[in-house]
Amino acid sequence: KLESSPMTSSGAGSKMLSALAAALVPHQSVEQRGGDVPVSDVHIDSRSVTPGSLYVAIRGARADGHDFIPRAIDAGAVAVAVDEETGTTAPRLIVADTRSALGWLAAEAHDHPGRNLRMLGITGTNGKTSTSLLLRSILEAAGYPTALFGTITYDVGGRTVPAPTTTPDPVSLMGYLREALDQGIRHA
1 KLESSPMTSS GAGSKMLSAL AAALVPHQSV EQRGGDVPVS DVHIDSRSVT
51 PGSLYVAIRG ARADGHDFIP RAIDAGAVAV AVDEETGTTA PRLIVADTRS
101 ALGWLAAEAH DHPGRNLRML GITGTNGKTS TSLLLRSILE AAGYPTALFG
151 TITYDVGGRT VPAPTTTPDP VSLMGYLREA LDQGIRHA
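Each step along the sequence shown adds one to the number in the working numbering, with nothing skipped, and position 178 is 178.
I should point out that these hints are in silico values taken from the structure, not numbers from a laboratory.
Note that the structure is a prediction, hence the values are computed from the model and not measured.
Hints are supplied without guarantee of correctness; some may be wrong.
Label pairs and their in silico Cβ distance ranges [stated by the list, open to error]:
no., residue 1, residue 2, range
1, Gly-103, Thr-123, 43 to 49 Å
2, Asp-111, Arg-33, 51 to 57 Å
3, Ile-138, Ala-19, 37 to 43 Å
4, Gly-87, Ala-141, 22 to 28 Å
5, Ala-22, Gly-184, 27 to 33 Å
6, Gly-121, Gly-158, 18 to 24 Å
7, Ser-137, Asp-111, 26 to 32 Å
8, Asp-74, Ala-141, 49 to 55 Å
9, Thr-86, Arg-118, 37 to 43 Å
10, Arg-115, Glu-84, 29 to 35 Å
11, Glu-84, Val-37, 16 to 22 Å
12, Ser-130, Glu-31, 30 to 36 Å
13, Pro-162, Gly-127, 33 to 39 Å
14, Gly-124, Gly-103, 18 to 24 Å
C-beta atoms are modelled at their ideal positions from N, C-alpha and C, and glycine is treated no differently.
Take the sequences, apply the hints, and build the full model.
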């Protein structure tokens, strides 16, 4: 499933919270408390949580995701990832930094789709959109269907949506990449 996106994906299926925790171990400290539950998807916005989700509480400039844990649990989150004990009794992962854990959790939840894709990244001040469109045209002319994530649109399998942000957040990006793989796309 995709976070805050009109595109949807079958995802990789549910994962046990302990499997998500194990994926973090090489990257940062993690402590699992409150039991092991199946997790169907990952969310960073409590308003988009669906039953079976892991809610990852991120501290932002204007709001602290930890303040929205009760709302996420009421919406069906079965577990939370936090960077400090919050008093919730829900199953939880306590990590050193939820923001840096988010990418690893999203990748594991979607079975690391980037490992099975050939990906090109384009950086710079000017010309990124033109260059990405040109590269996609070349790849597709050579017979390689290609997903595209640009500053204007995201395109997976011919379905295009306006890009809400210049770069998709880790949850959305892993969902898009999983969707590309599910459609047989091997380049992005």
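Verification of the supplied hints:
no.	hint	in the structure
1	Gly-103 - Thr-123: 43 to 49 Å	18 Å, violated
2	Asp-111 - Arg-33: 51 to 57 Å	25 Å, violated
3	Ile-138 - Ala-19: 37 to 43 Å	38 Å, holds
4	Gly-87 - Ala-141: 22 to 28 Å	57 Å, violated
5	Ala-22 - Gly-184: 27 to 33 Å	29 Å, holds
6	Gly-121 - Gly-158: 18 to 24 Å	22 Å, holds
7	Ser-137 - Asp-111: 26 to 32 Å	29 Å, holds
8	Asp-74 - Ala-141: 49 to 55 Å	50 Å, holds
9	Thr-86 - Arg-118: 37 to 43 Å	41 Å, holds
10	Arg-115 - Glu-84: 29 to 35 Å	32 Å, holds
11	Glu-84 - Val-37: 16 to 22 Å	21 Å, holds
12	Ser-130 - Glu-31: 30 to 36 Å	47 Å, violated
13	Pro-162 - Gly-127: 33 to 39 Å	20 Å, violated
14	Gly-124 - Gly-103: 18 to 24 Å	23 Å, holds
The structure does not agree with the numbered hints 1, 2, 4, 12, 13 stated previously, though it agrees with the rest.
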